[in-house]
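Chemist: Could you use the hints to bring the two separately framed chains together as a complex?
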Amino acid sequence: MLRASSFTASLGFHASLLAAFMLFVPQMDESPFEDMSLPVDIITIDEFTQIMTGEQPSPAEKSTKQEAQQAVLETAPVAPPESAENMMPVPNAVPENLPEVAPDDMPAEAPAPQAFKVANPMPRVRPSPPSKTSTFLDISRVQQLLNKIPEAAQAEIAEDSDAQTQEAFGQLTLNETDGFKAQVGRCWSPPSGARDAERLMVKIRVGLARDGRISGGPLVVNRQHLADPYFRSAAEAVLRAINGCQPYEMPPAKYRLWKDMQLTFDPLQMLGG
Amino acid sequence: MTKRFIRRAERSSWAVALMLVLMMASPAHAVLKINITQGNVEPLPIAILDFDGEGSVGQELAQVIAANLERSGLFRPIDRDAFIESKIDVNARPRFQDWRIVKALALVTGRAVRQNDGRLRVEFRLWDVVAQQQMTGLQFFTSPDNWRRISHLISDAIYERLTGETGYFDTRIVYVAESGPKNRRVKKLAIMDQDGFAQSELTSGQALALTPRFSPTAQEITYLSYYRNRPRVYLLNIETGQQEVVGDFPGMTFAPRFSPDGQKIVMSLERNGNSNIYTMDLRTRETRRLTQSLAIDTAPCYAPGGGQIVFESDRMGTQQLYVMNADGTNVRRISRGEGRYATPVWSPRGDLIAFTKTLKGRFLIGVMKTDGSGERILTEGYHNEGPAWSPNGRVLVFFRETEGAEGGPSLWSVDVTGYNERPLNLPGFASDPAWSPLIR
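Residue numbers (this note's numbering), protein chains in the order written: chain A, 2 to 274; chain B, 7 to 446.
Looking at chain B on its own, in the form it has when it is part of the complex (with noise of 0.2 Å):
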């Protein structure tokens, strides 16, 4: 029994042996391997049409989305004088050789309709035109002055579905709308779309107005104001209007910031010639001194995790910058150039600080990762200063100078990438932009 079994087993074994071999004598399918490492960084070309319904509106949201994602820098929508169809119903299929032909690689088509409720319904779909397939498609109701929010929502999901990063058009700035002569300006709180439509005045400019600061939570900022000569920190409701005095901190300089989640802020004071960083719980307001040292430590910015603050300090002879946990432990230098260090911002995605660096003259506004390493410059201009994060860390906002005594303040933008550089136009000048995190 046994060596019949071993027989068996004998024959089998070498018959699998052999399979295998003769497997292996057949010739292998090969397949060829490449990599690819240059590419072509270009932003991504894309036709928008005219949204269908009565009236302008349609129009309206399409110029409003297309400009957003202009503005962006990552997408070029196409003109619609090339356009081979102009109309195409929300519902029906686009033909993509059509598409292909003016080089889009994707494809915006929509519907705004009044709704017997008086409501404006506006529905959108995305197409890719080379997968020929849907990538997204949103419906919204809402009342029809309302519309410019929708295309800002609209503009996010497309931004959101393409690149992967979340939007940040459906946002506001904050800025100090300035006027007036050089030695005697008029600093009034000034509020806009991000896109530079809706401006409005928030304070009237009896008293002046300072650095204003955005919840990340919230629609609410802090600012600095004057009353009686001593700097008062105020908390100001966007939406309502309502304000209030958090308190009378003399020896401040800049307002202070938030929290992540928006029940502290953070900030900092002289005392006998020496500037240390406090938080006060907002609900509270106790006081609680976090810096020890008998340096001018400054400008702190909490991480978007609230575990970590980043400030400005020249306790080691020249402005640079720190990294400390909330609770003023474990103080760590991160910034390692040449140059003075100043104003530290915290990217919302948490990957960056972005900071304004003064060397041989020259004013720069740079990020670097959180542990110092990764210094990049993104922008270089007259008194460049008071970067501020878009909520989803992808741009900056700032201020330069023309100089000149007829000179003053005017509002820039500039991609993470240090590409993409622009003005915001506005009438006047304008200085300190806080950008407000998105409205939902």
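Chain A extracted, bound-state conformation (with noise of 0.2 Å):
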């Protein structure tokens, strides 16, 4: 009897141990690669000659549409749509062949990107007899995409769309990190004859609103250098950089994903020669 709870105790004293170590210990995901990613599709050679010949979109937005096709094949057979960038992000909506939307109909935040245009898969797989018509079909949508609807609902509906947004794409394109990156550099002046300048490397961390103003710090986070005169005139260029080039602009879509930023400011590469 004895052995048995102390048993259970034991087991129950290692779950939590293992718990909080997988927890409190400090993440070791570091990877200097996070934004280096590059987006790899592959496509069969069909697919590969018409993109060669102009006849379908690019492999990046094939991709989502891919996604967007495999969602449409658990719901309702519906013909592939023409081009992603013609599509509007609804909920519950699956792609069909919608009318090619006039560029004045796109929502104001349309730069590049198509991929968040697209019409979003079914956040979770939901077993459905396969028919004509489907229950999620969500019609008076699709009739309001197809009256056009004003930017403003237009707006509304890609707020609703960002839950799903985040788990469909759970990182910001190559593209937008680097557009993020141009505007920060732009206005980032390191101090270029300081001493050992090329290692004045100064981390921050600072949050954004969603029209990509600041909303909370900018923080320098490796402090402890601050009592050293080169250290800190290397920080307050990043922050007058930080604070002097907003707003900066970013997918609104994906606010969740950029909302919260730690940045590191490493002038190695421009200073060390």
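Please note that a few of the clues may not be correct.
What the hints assert, rightly or not - Using 27 Å as the maximum straight-line C-alpha spacing, the simulated DSSO-like pairs for lysine-lysine come out as follows:
#1 K39(B) with K204(A)
#2 K204(A) with K109(B)
#3 K109(B) with K182(A)
#4 K260(A) with K39(B)
#5 K39(B) with K188(B)
#6 K182(A) with K39(B)
#7 K93(B) with K109(B)
#8 K260(A) with K182(A)
#9 K204(A) with K260(A)
#10 K182(A) with K204(A)
Please keep in mind that the hints were generated in silico from the structure rather than gathered at the bench.
Modeler: Next up, the structure:
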């Protein structure tokens, strides 16, 4: 009796210890390659030919469309959409052959990255009987689209799809992070003649609001060097850059991904000759 | 009793485990990490308002400060025509928005007022326009005709606060002013403020004056002259004008350099065809030989800590740079590239050695780290020679020649990053510059 209960107690303690370890030990996820990921698409020879002859959209759009297609197959057999760019982010609707949307009907915040404009696939696979019409098809939404709903409502639709966006797109694209880096880098003038200037790396934590303005911080993370006048001057140059270059243009549908950032300003490449 | 305890422990440990698992299961708050490695090195745009006060001294102060900062290459004073407000009380908080509009990142306001006792009181504030905060503010008292020094002190304060580096504006440059035909040049020692103001002569020109070297601790220089055709070293106090003879040194071609504590000088002396390095204590006049080679060892210069000396030697065939301990031990070569290296000068910051290099008929001035790595050429020009460091190790002054029979030497400066090469505009020819320590 004693042995059994002490066994369970021991098991409990070990479980809590393991959980504590996994939760509280600092994350070793500082991959230097985090923002160097390359989106890779595997396409068939036919698709490649079609791309080269201009009949089909490029693989980047294709991949997200493929996901959309997967969802389509699960709910209703509908023909694949023509072009990712023309599709509105609509929750609970499947991509149909929507008529081409005129450019001025596109949502206001509609720059290049097409990925987030594709209709979202179902967040979870819901087993449903294959049938021509689907219970998930929101007829009223589709009709609204056909009638070209105004921008405000479109923005609202974009917002609603936030939760699904994060699930569907776990990180910003290379273009998006490069765009942010260029915006900040434009204003960043590191002290180039300082002693060991190439080693004056500054880490900043900053929070952004949806409009791209700073909502929290910026705060110098590696504060222990602030007593060094060179580091202080480098940190101030970084703070001037971050504060001075706002608001930042970022993909609004991915707000949850970029609202809290840790930026490392590393002049080694620039100054370390 | 024990059983109850164990059961309780069981339950609580399960509860803890469950709690921790639940905490883990909740969605983690992800922080997006981005590395930024490309910036845009640019001079900092700064707005300098005329200082409040009677007469023209407020405007003159602002002008000298703006000129100093602009000349450093690190700041870009904003054209006053662009200012939205031109007068801000030194004790008032500026309307930072107005300065954001003209793209100023920093703002200087100030006031210069004559006191009842006749002294001039100058105060200033440096503002961070983006952070909307004061960065520094100081006040000075001086005699009214000393306002230029105040503007240099203010320039240094602004420079230090924004770059983290000690300033260099409250300094002087001594050089050799040359005149007359090329084959019979008259060479006099001259001195000026680092911004070219207040030029005056220190010697008459009756005897040649060459290679002035500044003491790092005092406003004193050594220089080489000739007395009855023999090289003679003088020690001249800039402030008092008093001068004394250090000694006659047959075979000397450069004036000695000071040790960092100002107590010793180091020099090279030629004897029987070879040249070696000696130190002399300025008080006892005791000399000590440091190198023993049969080569030409010359142009020695102390490291700012006083523990090492860099010099030029051709002991391995061609002129190269060597470093040794201050007692002459542990001699090692540091220069690695092609060409002939000469006149090494150790940066007062301690991290770099500047040098001249001749390579295939080209005259280069460069810097290298103290172990010889990281060699960078800063400038190339006809007969580029004689680099001397500013006291903060950020700027080099040197001289170069214009070619031809009517040509002659002139002074130039360049930043340690290789940027901002510019002439020091002096009337007449000038060579052999030496940079004073901060005057304080």
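Chemist: Which hints, by number, does the structure contradict?
Modeler: Hint 5 is the one this structure does not satisfy, whereas the remaining hints hold.
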